[in-house]
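Trainee: Using the hints provided, position chain B relative to the given structure of chain A.
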Amino acid sequence: MDQFEVKVYVRLRPSVLDPAGEAIKSASSKLGVQGITSLRIGKMIEVKIEGNEEKIVKEKIGLLCDRLFANTVIEDYEYSIKKI
Amino acid sequence: MANFTVGIVVFPGSNCDRDVAWALEACLDIKTKFLWHESSDLNDIDSIVLPGGFSYGDYLRCGAIARFSPLINALYDFVKSGRRVLGICNGFQILTESGFLPGALVANKNLNFICDDVELNVITSKGGWFQKIDEKQNIKLPIAHGEGRYHCDKDTLKRLIDNDLIALKYKTNPNGSTSDIAGITNEKGNVLGLMPHPERACDESIGGIDGLYTLKSLITQ
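Protein chains in written order, with numbering that gives the first Met the number 0: chain A, 0 to 83; chain B, 0 to 220.
Errors might be hidden in some of the hints.
Here are some of the chain B residues that sit facing chain A, going by a computed Cβ distance under 10 Å [claimed, not checked]:
no., residue
1, Lys30
2, Lys32
3, Trp35
4, Arg60
5, Ile64
6, Glu96
7, Ala106
8, His150
Capping the alpha-carbon separation at 27 Å, the derived lysine-lysine pairs in DSSO-like fashion look like this [to be verified]:
no., chain 1, residue 1, chain 2, residue 2
9, A, Lys57, A, Lys47
10, B, Lys168, B, Lys32
11, B, Lys108, B, Lys79
12, B, Lys108, A, Lys29
13, B, Lys153, A, Lys42
14, B, Lys168, B, Lys139
15, B, Lys215, B, Lys30
16, A, Lys42, B, Lys215
17, B, Lys125, B, Lys168
18, B, Lys170, B, Lys139
19, B, Lys108, A, Lys24
Keep in mind that the hints were calculated from the coordinates and are not lab data.
Please read all numbers here as calculations on a predicted model, not as lab measurements.
Note that beta-carbon positions come from the ideal geometry of N, C-alpha and C, so glycine has one too.
Just chain A, with the same shape it has in the complex (with noise of 0.2 Å):
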């Protein structure tokens, strides 16, 4: 059975308000770094599944993502994978 490593991306939708980014934007030019337009808070997920084929581990973490690590009504995911 091969390792698959995955990497899943969740972040809050553009038309979600992002305060803790915001804190961090202002910390960040307090810091002395000029220049940033933009600055939002996501979470990355690493997850190591086992699997024969690679289309049902997507699928697995399809769901995963669907039902658990995202909340789709404020966030929006996107994962990468490879074998290991």
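Mentor: Same frame as chain A, now just chain B:
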């Protein structure tokens, strides 16, 4: 209503469950039963309260993990049967995450944890959760949340308005909620989710009794 029993769901991390029990038992003489989140037998339960707190530590998102508990699975049939469900604060977050109510609760706009009394306008009479005294009824209830900003898209907001599903609005928006929304009901009216805490406003000696009616309405059919 001597045998009427309100179930109060206890998740790991719930912290308003005993407050709700006190408000129902001591202030309103309504029988309660604590329901551990792993139970799914709701046969002898007439109404349910999902209390405030931090179920499962609010890991991932508020209410995200609680939705997978056996009790929440059993709640779908419970709601279908027309029995009443009240989700307070974290309970409201669980109701949105589970799909019983539309939208989501996200971090307050100003990032503060807000602990305050707020003035609210009662908007709908659906479900009979609030006493309708006049057209612009105001009530005062405490709020205590860091992630209570109600968010929904424009289509959902239109549906909430068109179907009279907005239960409460803040008079002065404390957290950036869409359209000042503090609470909503489902279409049938038997599910109410709200960020304010009615159980903390059930005795004059702790600041008010505007929460009594909503809790009492758990035993109306």
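Trainee: Now, for every hint given, state plainly whether the structure supports it.
Mentor: Evaluated hints:
Given hint, Lys30 (chain B) at the interface with chain A, is violated; its Cβ is 35 Å from that chain's nearest Cβ, farther than 10 Å. Given hint, Lys32 (chain B) at the interface with chain A, is violated; its Cβ is 29 Å from that chain's nearest Cβ, farther than 10 Å. With 10 Å as the threshold, the beta carbon of Trp35 (chain B) stays out of range of chain A, its nearest partner Cβ sitting at about 22 Å, so the hint is violated. Taken as an interface hint, Arg60 (chain B) checks out: its beta carbon lies about 6 Å from the nearest beta carbon of chain A, inside 10 Å.
Given hint, Ile64 (chain B) at the interface with chain A, holds; its Cβ is 8 Å from that chain's nearest Cβ, closer than 10 Å. Hint on Glu96 (chain B) holds. Least Cβ distance to chain A is approximately 6 Å, under the 10 Å limit. Nearest Cβ of chain A to the Cβ of Ala106 (chain B): about 6 Å, under the 10 Å cut. The hint holds. Hint status for His150 (chain B): holds, given a least beta-carbon distance of 6 Å to chain A, under 10 Å.
For the suggested pair Lys57 (chain A) and Lys47 (chain A), the alpha carbons sit about 12 Å apart, so the restraint of at most 27 Å is met. A C-alpha spacing of about 31 Å is found between Lys168 (chain B) and Lys32 (chain B), which places the hinted pair above 27 Å, so the restraint is violated. In summary, the hint linking Lys108 (chain B) to Lys79 (chain B) is not supported, as the alpha carbons are separated by about 35 Å, beyond the 27 Å threshold. Between Lys108 (chain B) and Lys29 (chain A) the alpha-carbon distance is near 21 Å, which keeps this suggested pair within the 27 Å criterion.
Only pairs whose Cα atoms come within 27 Å are accepted, and Lys153 (chain B) paired with Lys42 (chain A) is accepted, the gap being roughly 25 Å. For the given pair, Lys168 (chain B) sits about 11 Å from Lys139 (chain B) by alpha-carbon distance, which is consistent with the 27 Å threshold. With a CA separation close to 11 Å, the supplied pair Lys215 (chain B) and Lys30 (chain B) stays within the 27 Å bound. Of the supplied pair hints, the one linking Lys42 (chain A) and Lys215 (chain B) is violated, its CA atoms being roughly 41 Å apart against a limit of 27 Å.
Proposed proximity of Lys125 (chain B) and Lys168 (chain B) is supported: the alpha carbons are some 15 Å apart, at most 27 Å. Restraint check: the Cα-Cα separation between Lys170 (chain B) and Lys139 (chain B) comes to about 10 Å, which is no more than 27 Å; the hinted pair holds. Restraint check: the Cα-Cα separation between Lys108 (chain B) and Lys24 (chain A) comes to about 15 Å, which is no more than 27 Å; the hinted pair holds.
Checked against the numbered hints given earlier, this structure breaks hints 1, 2, 3, 10, 11 and 16; the rest are met.
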